[in-house]
Amino acid sequence: MKKILLSSTIALSLIVGSCSRQVTRVAPETVIDLSGRWNDVDSKLVAEELTKQLLGERWLLEFTKANPGKKPVIICGFVKNKSSEHIEAETFIKNIERAFINSGLVKLVQGGEKREEIRGERADQQNNSSKSTMKKFGLEMGADYMLQGDINSIIDSYKKDKVVFYQVNLELSHMQTNEVVWIGEKKIKKTVHN
Amino acid sequence: MENLNIPLKKSLFLLLVSITMLNPITIIAQNDLTPDQNPNYKKSMEKYMGMKDKLTKNQGTTVQATYKAIDDMQIKRERKDVKKANRQKRRMSRIENNGYYYDYNYPYQSNYISSNNNGYRYHYGYNNNSYRSNNRYRSNRYSTCSSYSPYYRPFTSYSTNVGNAALWGLGAYLLLR
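If you're matching them up, the sequences are chains A and B in order.
Following this note's numbering, the numbering of the first sequence begins with 23 at its first residue and continues without gaps.
Following this note's numbering, the numbering of the second sequence begins with 93 at its first residue and continues without gaps.
Just so you know, not all the hints are guaranteed correct.
To be verified - Not everything, but these chain A residues come out facing chain B in the computed CB check (under 7 Å): (1) Ile26; (2) Arg141; (3) Asp146.
Because the hints were derived from the structure by calculation, they are not lab data.
We put the beta carbon where it would ideally sit given N, CA and C, even for glycine.
With the sequences and hints as input, model every part of the structure.
Structure, rendered in structure tokens:
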């Protein structure tokens, strides 16, 4: 009888233990690497490094020298993901945009689908809003520079070991002359042992 | 006109003047650009007036642009579900095919059935048997169940199933004794 009870208890505890799911909340800054693929830690490292480079390099000084009292206006273009994984560049691009606005050194204008939505609302206001509150077309702030980027990866694997290398490049190009005034780079390398 | 009062004449004159004066002013106001306004603003305005409803319809909503993340547990679960579904399809196909026993030693027989043959099979290929033994009688209809079909599984005899159950029972007994 005792043996039956003991074996059934062990079996039950194994079953219950294998079925339960535990969720623990952690701070967003906590470094957790599970699969070796691109994760939030990588995005954070890229955002920090590229923000520091972008706001601390020569191109900003040269602009302010050439245009005293003016701030450069930047619009974000697309980031091309040429790596082997799905990477959401917006996670670090948004951090960079936030740094632009918080620093007060650079102006940012909206682009892409969000800009289309703004224009649609402006068009709607032409017929529906009061004259004093209606916004006009043809008065948008034109960007001086466009921020574009690429994400590349190189993977080397042998049996159970893998080395993953990511390179994120962002470029700032002048809207009128096409001149590339700044190129930022962040490299990340990881080894994964399965 | 001469018979009209002078004040009336004056007021009519003023009215005429105001009408002629104001019209150019209103025309100028419509065409007047605010300082720094792009003179081509009308092109943009016309373009967006045509699609404003489409552009504003998602306001106040969440645009779902999700992607399927790599989740190993989820992949395992999906594979399991697919296997289960396929197992079910195989069982159903076996039932529909009347549990026809396919001799595993002769996989190259074809399964052509003529509509006029009263349920007997014609065989073409390596083993040209016109009669097949069937250890489970169901009906006169012999149906196709090619060994290359994904749903095909060779029929296992009852004796094997009983043997498996006996082994499990013996194991349970020894454990709990």
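The hints, checked one at a time:
1. Ile26: holds, 6 Å
2. Arg141: holds, 5 Å
3. Asp146: Holds - the Cβ of aspartate 146 of chain A comes within 7 Å of chain B, reaching about 5 Å at its closest.
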